[in-house]
Amino acid sequence: MFTLHLINSVTYFRVYQERPRYEPLPHGRTLDYSRAFVSRCLYLFRPWQQGIRPPAVNGPMPSRPLVALLDGRDCTVEMPILKDVATVAFCDAQSTQEIHEKVLNEAVGALMYHTITLSRQDLEKFKALRVIVRIGSGYDNVDIKSAAELGIAVCNIPSSSVEETADSTLCHILNLYRRVTWLHQAMREGNRASSVEQIREVAGGAVRIRGETLGIIGLGRVGQAVALRAKSFGFNVIFYDPYLPDGVERSLGLQRVGTLQDLLMHSDCITLHCSLNEHNHHLINDFTIKQMRQGCFLVNTARGGLVDEKALAQALKEGRIRGTALDVHESEPFSFAQGPLKDAPNVICTPHTAWYSEQASIESREDAAKEIRRAITGHIPDALRNCVNKEYLLLAAQWSGIDPASVHPELNGAAAYRFPPGVVGVTTPGLPEPPVVEGIVAHGIPSVSHSAPRTPSPGETSKLDADREIPADQ
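Letter by letter, the sequence shown follows residues 1 to 474 in the numbering used here.
Honestly, the hints are just simulated from the structure, not real lab data. Do not rely on the hints blindly, as some may be mistaken.
Stated by the list, open to error - Simulated restraints, written as ranges between beta carbons of each label pair:
hint : residue 1 : residue 2 : range
1    : L252      : A337      : 35 to 43 Å
2    : S95       : D262      : 37 to 45 Å
3    : A186      : M79       : 46 to 54 Å
4    : S232      : Q97       : 24 to 32 Å
For glycine and all other residues, C-beta sits at the position ideal for the given N, C-alpha and C.
Construct the complete structure from the given sequences, taking the supplied hints into account.
Here it is as structure tokens:
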């Protein structure tokens, strides 16, 4: 195995290949692949001409496709899983402007954390991309609808950090109730509590937990884990989740409320465990804060955009909210020196690390690599376990007007894919060779007229909205 560095003025990435670095030459000389024949070493598979995307998914991808880790540089976990089916590269980029042109032109798979955002404009820069796997559960940094319209499947890893996020949430809740952080700061500042009066002064605001009501917004995987942990500490747990089927509260021994307002009015501490979308941005705002109990606590380990930090800061200064603990923020990386919370009292902030443990990090990376492997060797989206935009993929233009029952079971993409004249598409083993007519590669399906993709209206309930598990991970 050797490592080949490509460096340009913006970024660099590393390509791993399973081959010797040096090749013996006559007269005792050796050929160093890292310094010579760069174009030969980087020849991964025939690039698609003129920036046209390859077929959506027709069985196994071309041999040795390129898979890129967009916003990281460590591929040691992913390599053993992918080395026999793909070439793995890393970009260590914070935006698509920092991604190498070769990755934009040839990568068929992408791995990503939460530190890079892919809008439709960003997705259109990738010419061959077929699958994106978010290493973590949250995928609000990817435009999944636009990805589906471009024939790109988006997946997440929802379960690897459930325990870590739930444990971190309980740590924040206990910290607010028992004021551990502020007591530690007082000790560091030299305050001494040698009398009962001094103890009352320095520990003022500490509250007994038993009998307090914890309100959970979003009872997905993490929400349920938090509920079970909180009950063992003596909390009365209530929750609000309009997408959860009836009866779940009985199996968990919890109390369900019918509206968000009911939860806000009856909770002594509120913790958020829901996804971030266009419908719940700034779910906690000046209006909803006024509906909360006077002096309640607020914890957010889900997504920073759920909370209006300006309204939160004002509520903290006025005492309407007694204290808050935030692991996620509207603007990340977070800095106390900037933003509306810099002068707010009783604030605990952590740098989006509630999801992290060594075990969770390795498991999520392994699961992400396995999902990429399934995409390369199988059929998209059927082979994928956690495709979050499958519904949108089926609603996209390539399916409009086509009866899915008439499509060959091994075909998952369009009835026809457009290529530049003369370019041959990738065929599925066992299927007849598709004819090429005027730059169209057909697959034996009757020609149909394609209508524009239908996007669910804002008020329409979608199956995707039922995914309530969004721990504040990765």
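> When you take the CB atoms of A186 and M79, is the distance between them in 46 to 54 Å?
Replying inline: holds, 48 Å
> Does the Cβ distance between L252 and A337 fall inside 35 to 43 Å?
Replying inline: holds, 42 Å
>> Verify the CB-CB distance for S232 and Q97 against the hinted window 24 to 32 Å.
In response: With Cβ atoms ~48 Å apart, the hint is violated.
>> Taking the Cβ atom of S95 and the Cβ atom of D262, is their distance within the range 37 to 45 Å?
In response: holds, 42 Å
Checked against the numbered hints above, the structure breaks only hint 4 and satisfies the rest.
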